[in-house]
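In order, the protein sequences belong to chains A and B.
Take 89 as the starting number for the first sequence in the working numbering and just add one per residue.
Take 204 as the starting number for the second sequence in the working numbering and just add one per residue.
Hint data in this document are derived by calculation from the structure and do not stem from the laboratory.
Bear in mind that the values here come from a model prediction, so they are computed numbers and not experimental data.
Certain hints may be false.
Simulated crosslink set (DSS-like; lysine-lysine; CA at most 27 Å straight-line) [as the list claims (entries may be wrong)]:
1. 456(B) - 727(B)
2. 697(B) - 142(A)
3. 697(B) - 139(A)
4. 226(A) - 738(B)
5. 235(B) - 226(A)
6. 142(A) - 502(B)
7. 235(B) - 210(B)
8. 241(A) - 288(B)
9. 139(A) - 571(B)
10. 241(A) - 289(A)
11. 692(B) - 226(A)
12. 288(B) - 226(A)
13. 288(B) - 240(A)
14. 680(B) - 732(B)
15. 226(A) - 571(B)
16. 759(B) - 697(B)
17. 759(B) - 456(B)
18. 240(A) - 732(B)
19. 142(A) - 692(B)
Residue strings, one per chain:
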Amino acid sequence: MAHQTIHLTLKVWRQPRADAPGRFEVYDAKAIDVDMSFLEMLDVVNEGLIKENKEPIAFDHDCREGICGMCGAVINGIPHGPLKSTTVCQLHMRHFKSGDTITIEPWRAGAFPVVKDLVVDRSAFDRIISKGGYISVKTGSAPEANAIPIPKKDADLAMDAAACIGCGACVAACPNASAMLFVGAKVSQFALLPQGQVERKTRVKNMVARMDSEGFGNCSNELECEAACPKDISVSNIARMNREF
Amino acid sequence: MTKLDAKIPSGPMKDKWTKRRFEGKLVNPANKRKYTVIVVGTGLAGGAAAASLSELGYKVKSFCIQDSPRRAHSIAAQGGINAAKNYPNDGDSVHRLFYDTVKGGDFRAREANVHRLAEISNSIIDQCVAQGVPFAREYGGNLDNRSFGGAQVSRTFYARGQTGQQLLLGAYSALMKEVGRGNVEMHARTEMLDLVVVDGKAKGIITRNLITGDIETHVADAVILATGGYGNVFYLSTNAKACNATAAWRAHKKGAYFANPCFTQIHPTCIPVHGDYQSKLTLMSESLRNDGRIWVPQKESESRRPTDIPEEERDYYLERRYPAFGNLVPRDIASRAAKERCDSGFGVGNTGLAVFLDFAESIERLGKSAIEARYGNLFQMYERIVGDNPYETPMMIYPAIHYTMGGLWVDYDLMSTIPGLYVLGEANFSDHGANRLGASALMQGLADGYFVIPSTISEYLAGETPGAVSENNDAFKQAKEQVNTKINKLMNIKGERTVDDFHRELGLLVWDKCGMGRNEAGLKEALEKIPQIRKEFWENVNVLGDEDNVNQSLEKAGRVADFLEFAEVMVTDALDRNESCGGHFREEHQTENGEALRNDDDYCYVAAWEYAGDDKAPILNKEPLEFEEVKLATRNYK
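With the hints as extra help, turn the sequences into a complete structure.
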């Protein structure tokens, strides 16, 4: 069966280094199979660029299954692109039309400086987690797993929050570049579980302090984060974090 | 041939681990902080090891190639993690988990390691629950279980279809706790490019900072590799794009033996290949086989839609051939059965290289919402990739490379043939034999990281003077120079072909000749072709950009260069192992019914390959396998 193909024009942010100015470059993406993923489309464009002795577009990606959180780009103004609840690696070209122009930019946030092209530095997220995004249980000191029953409802809610992949789309979507959804999800996961109770009060304070010092903005209830989240993390986690604080 | 001493403790199987822990030397708490341990990789094994060793008081330097340690490929594991808790009261025990794993591995794993794994399994679940891992629960609040292939009990713990993610985030949180405490020095976006061996002992690594391109040296008293498997030698696999064998391969070239490289696992339920541009394959969790039924049409080249094919014209070939285990036979068996049907002309889809995985009966029996609760995210992923709704039409699946049982040889303490170099998780070879059972990779990664290495590393460290070597040592200078030379060479070829182009060519070749089915003629052909591809690579690859900047082509080029060397050892091993076992199916050795035919008289050993120099054939060393507890027998899942 012949594969259906489309032709696209790409406007891609190219920035050679963190401290160098960037600009949009325009590329033709011809004969793109609609069954390709968005990143496979970029692979094809990159292979073409290398053949012309031009440096390929740098972009972060790894698992290409929507779970590692490594990939991310703002596509036509929307983090991870137009398909709801979908990372850019799981976005397929069948959602675009031949003749479309697609604008591709890195996450835009002061706390996520651009490293190169579409690659940004999200290490601020790790630093926030290192201030309390854990339960302080040493290896070997855990009680029997079923010693503390957890209501299924609470376990499910904790899992909903824990599904965050740390991609940073919430920050990129927010007009204030706030990280409240990311932090709220981690605070919620532990606040909902009995194991998280001991450090509950200090955890939220320390994580929020770090979030602020990293330069993330405040929440002004735009709810753009939830709309952009590829894992449907709910803004109710922000409300829960505010109550915890 | 070197005599390989696995250092398995003497005495009854069930007492070996206790005995080992008692007899091993210890490092006293005040002295631990004087020792530095390097841990490369932050997946389940590496993340757990780095966190646990730091908790004990050792200074730890942790390295990963991703932008954050939370992104290691363990995160993509879907289905679950095994443990012998016997919560469902269905007859499980440490012994049964041990037995199933040895049998599932087709009697090519080391019994003592597997028994330890089964013993530790329950503590892993305890630890993860205490970390806040939100496992699935029953309404009474207790942990829920499901079944996986190769077992007749329900011993798999899970967190929806994201068990790997949740376990990894647990290990990551423990690691970040130690980073926050200032005891682990974290180096993200940093790639290990060589191992430094001083006076025969592992004393550090050479790395490349993937942002600045700086080549850096790191000194330590011991080095742990937890760098995953080599599935990406096939180019198309379910591994993440950055998964590679570079750290393991370069350690191999410094003296670490590579064991059983031909033991590769083909996972039966992946989304089929759909085009030449394809960059990777996506797994559909084995857990789907709990409720999905696998079938092909009884008629060759069937053109009707699957939902129009009546029940009596379908061939549920796994249920037909293996009534006792049905759709839950181990992975190697399910994969070969799919290949057999497709090779015989009964495959479905555009390419004929697919079979159906059908949920219609389960949806009718349990309701759509029950199926959605169990597998919702997997169904969504399938629909996103393929564009079909699996609630309405069966999924199409085909086997793909998923996991590699082979890896660097380690003794019972997880130490390689280089003193001071330890290898954990998928990167080592010891626990899964010739075939890994589902939900056992997460178990092994965490067992190695949380519980084995913290108990075994002190035996070695106690005999070492901490900080005895400095980076001014000639071995560090030489290794750094070699790394720089290799990078310069790659940057200056400026040929005509891209790195991916070579990687694809190699991948197709090894998939074709050393994939699901292997035979002497094909393997010999691959052994002729691999050096040719490698030669052209070093003459004609084109790596653009700069070495002192982010350069993803350069990163890939180094990894593909190593795959081009490693592939030869994998194929050599497949040729040398003139029997079929587990995932290694030599077409010359099969029963009348097409089952793998093992040869215990001649091949009941671990093949540990020793590097002999560039362009020299590797040297085979053998560790004989002895089975005391589980009697050698033909696997039977009928």
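- [ ] Provide an ascending list of the numbers of those earlier hints which the structure does not satisfy.
- [x] 4, 6, 9, 11, 14, 15 and 18
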